[in-house]
Amino acid sequence: MIESYQVKIDGFEGPLDLLLHLIKQYEIDIYDIPVALITTQYLEYIETMQKLDLNVASEFLVMAATLLAIKSEMLLPNQEITDEDDYEEDDPRAELVARLIEYRKYKDAAEQLKEIEGEEKESFTRSPEMIKETEKIKPPIKENTASIYDMLEAMQAVFNRKKWSQPMTTTIEKIEIPIQQRMEEVLEIVELSDNGVPFETLFPYYSKSHIIVTFMAMLELMKQKLIYCEQERTFDQLILHKWR
Amino acid sequence: MDLSQYKAVVEGLLFVSGSDGLTAKQMAVITELDEDTIEHILNELKYDYENASRGMQMLESEKHYYLASKPEHSDYFRKLRTNAHTSKLTQASLETLAIVAYNQPITRTEIEEIRGVKSDRPIQTILSRGLIEEVGRKNTIGRPMMFGTTLDFLTYFGLRSIDELPPLNEQIDEDDVSEEASLYFDKLTDE
Amino acid sequence: MDLSQYKAVVEGLLFVSGSDGLTAKQMAVITELDEDTIEHILNELKYDYENASRGMQMLESEKHYYLASKPEHSDYFRKLRTNAHTSKLTQASLETLAIVAYNQPITRTEIEEIRGVKSDRPIQTILSRGLIEEVGRKNTIGRPMMFGTTLDFLTYFGLRSIDELPPLNEQIDEDDVSEEASLYFDKLTDE
Numbered sequence: 069m070i071e072s073y074q075v076k077i078d079g080f081e082g083p084l085d086l087l088l089h090l091i092k093q094y095e096i097d098i099y100d101i102p103v104a105l106i107t108t109q110y111l112e113y114i115e116t117m118q119k120l121d122l123n124v125a126s127e128f129l130v131m132a133a134t135l136l137a138i139k140s141e142m143l144l145p146n147q148e149i150t151d152e153d154d155y156e157e158d159d160p161r162a163e164l165v166a167r168l169i170e171y172r173k174y175k176d177a178a179e180q181l182k183e184i185e186g187e188e189k190e191s192f193t194r195s196p197e198m199i200k201e202t203e204k205i206k207p208p209i210k211e212n213t214a215s216i217y218d219m220l221e222a223m224q225a226v227f228n229r230k231k232w233s234q235p236m237t238t239t240i241e242k243i244e245i246p247i248q249q250r251m252e253e254v255l256e257i258v259e260l261s262d263n264g265v266p267f268e269t270l271f272p273y274y275s276k277s278h279i280i281v282t283f284m285a286m287l288e289l290m291k292q293k294l295i296y297c298e299q300e301r302t303f304d305q306l307i308l309h310k311w312r
Numbered sequence: 007m008d009l010s011q012y013k014a015v016v017e018g019l020l021f022v023s024g025s026d027g028l029t030a031k032q033m034a035v036i037t038e039l040d041e042d043t044i045e046h047i048l049n050e051l052k053y054d055y056e057n058a059s060r061g062m063q064m065l066e067s068e069k070h071y072y073l074a075s076k077p078e079h080s081d082y083f084r085k086l087r088t089n090a091h092t093s094k095l096t097q098a099s100l101e102t103l104a105i106v107a108y109n110q111p112i113t114r115t116e117i118e119e120i121r122g123v124k125s126d127r128p129i130q131t132i133l134s135r136g137l138i139e140e141v142g143r144k145n146t147i148g149r150p151m152m153f154g155t156t157l158d159f160l161t162y163f164g165l166r167s168i169d170e171l172p173p174l175n176e177q178i179d180e181d182d183v184s185e186e187a188s189l190y191f192d193k194l195t196d197e
Numbered sequence: 007m008d009l010s011q012y013k014a015v016v017e018g019l020l021f022v023s024g025s026d027g028l029t030a031k032q033m034a035v036i037t038e039l040d041e042d043t044i045e046h047i048l049n050e051l052k053y054d055y056e057n058a059s060r061g062m063q064m065l066e067s068e069k070h071y072y073l074a075s076k077p078e079h080s081d082y083f084r085k086l087r088t089n090a091h092t093s094k095l096t097q098a099s100l101e102t103l104a105i106v107a108y109n110q111p112i113t114r115t116e117i118e119e120i121r122g123v124k125s126d127r128p129i130q131t132i133l134s135r136g137l138i139e140e141v142g143r144k145n146t147i148g149r150p151m152m153f154g155t156t157l158d159f160l161t162y163f164g165l166r167s168i169d170e171l172p173p174l175n176e177q178i179d180e181d182d183v184s185e186e187a188s189l190y191f192d193k194l195t196d197e
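Residue numbers (this note's numbering), protein chains in the order written: chain D, 69 to 312; chain S, 7 to 197; chain V, 7 to 197.
Here chain D stands alone, though its shape is the one from the complex (with noise of 0.2 Å):
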């Protein structure tokens, strides 16, 4: 009994879609919803979905108290009805009516594609193809239009992705390095250039330590405005400079 339970309550896809099943079940006419009745029957599944500890979604409970407001909407006594147009407006279920048919439009789509899918009729293109001659023609190069760090950025992004699926975790490593020391060594390498240093060239060591240490070291000196960093346009190096 539970398990049948589950398994619909997890084919639900959301509040609308319950609301369709519900309204299919009964055989109800979408446009003359009988609100009372499937309030009733949506506010039991959503109970049954929170007594077997479903994580029921906050749409649901949303739903569930836009579906109560409706039905005390229409338990008022009915005020004077006007003329046929006012009518619509008036109806307290109108807009619910019109987001089911919006929901159910796609939902049949949904089931059409999954018909055509099930057809199993995929077609195939190609790979461009990669143009081999003798006297290859390169595009033309424009230097530094983007930076290692734009493409350090990119990787971050994409380890950063690559985690969402992993649980974080910190590891807090002994620096060797101290920054103040490295913020010396920084610094007296940016006040030697005239023209300013490119950001990467002040990661000469490769060691994990030493780049983090490098970094913090800069952005401690940009923020005791000791150096700035410098940035033309998007996709440009980044140069620092002493601050004058």
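In case anyone wonders, no lab produced these hints; they're calculated from the structure. This one's a predicted model, so the numbers in the text were calculated from it and none came from an experiment. Careful, some of the hints might be misleading.
To be verified - Calculated pairs, DSSO-like style, for lysine-lysine (alpha carbon to alpha carbon, straight line, at most 27 Å):
no., chain 1, residue 1, chain 2, residue 2
1, D, K189, S, K85
2, D, K139, S, K124
3, V, K69, S, K85
4, D, K173, S, K144
5, V, K76, S, K31
6, V, K13, V, K69
7, S, K69, D, K189
8, V, K76, S, K69
9, D, K139, D, K92
10, S, K52, V, K52
11, V, K85, S, K31
12, V, K52, S, K85
13, V, K13, S, K13
14, V, K52, V, K69
15, S, K52, V, K13
16, D, K189, V, K31
17, V, K144, S, K85
Once you have looked at the hints, place chains S and V on chain D.
Just chains S and V now, kept in the frame of chain D:
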């Protein structure tokens, strides 16, 4: 150079551009023909490909033309493709895909409004399967990302262009629902 | 199914297999025809392609058959190549480039595994911009093409040699670098 030779050039261009595709305009610039002539050649090619002895078809998506294999041969090609997706799309993914297909370009929020639920997961799924892609940002507050279907969407469902999508059921016949039923429920609600 | 339909299937197979190509034997297995019949079909196709109105040719290399553009049209393809360039690399292209740079030589499938999304388009972009190139085939099933960075890649990023790249190629460490850095930044932004 006569027209049949230009036809060869156009076929060659489509072949070389592969899944990048080409617009009629690009082909016109490259061949130094006018766009009408290109359209004419494309139609001829399309006709040629319909012959049962030919193995390709021409697809059209966002004004780009592509060559692709024929859907009726898909059984053979599936044996070739190792990275072909074996798992079918879930109901959530199909719904989301349908909403994007019929309303592109569309933002995540707009999708969620129609579905009535959070849709990060199905959006991520169909994004990573290459069936939809980011097509730009909407000019509203927050500049949200908009999604549209891809060429792979067409090939996955064996469609030649987005126009081949089955029409949406705009008006569903409600007459089937008998008066009786609603009368019955009216009684129930009064209880 | 008659022979002309099998011809269509063989053309489709050659088309889909792209620059990897297929052996007559592979095609025989897939179509369940005997190799002689395949050879016969291939000869017919070869003959068809020789027609001046066709844009492809069939090449054979190490028993692999594949389709290619015709050399007499190469002027047009060159125009196609120079036409297709956009000025700035997209995020997708940068990511793909970074992955190739740190993992070369690397196949398309391996790139897609790391990115988690289909990557035909960015690969093609950076290929056509001459930032990466084919560097050989991997000795596994299907002999997939491997990519590596070019001299232009170094020029583009102002590097003197590939060794000047930050050391993300130490597989175990690289995750930690980005993680610690991002943790540090999280702290910073909280301030």
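Violated constraints from the hint list, given by number and in increasing order:
No numbers; nothing is violated.
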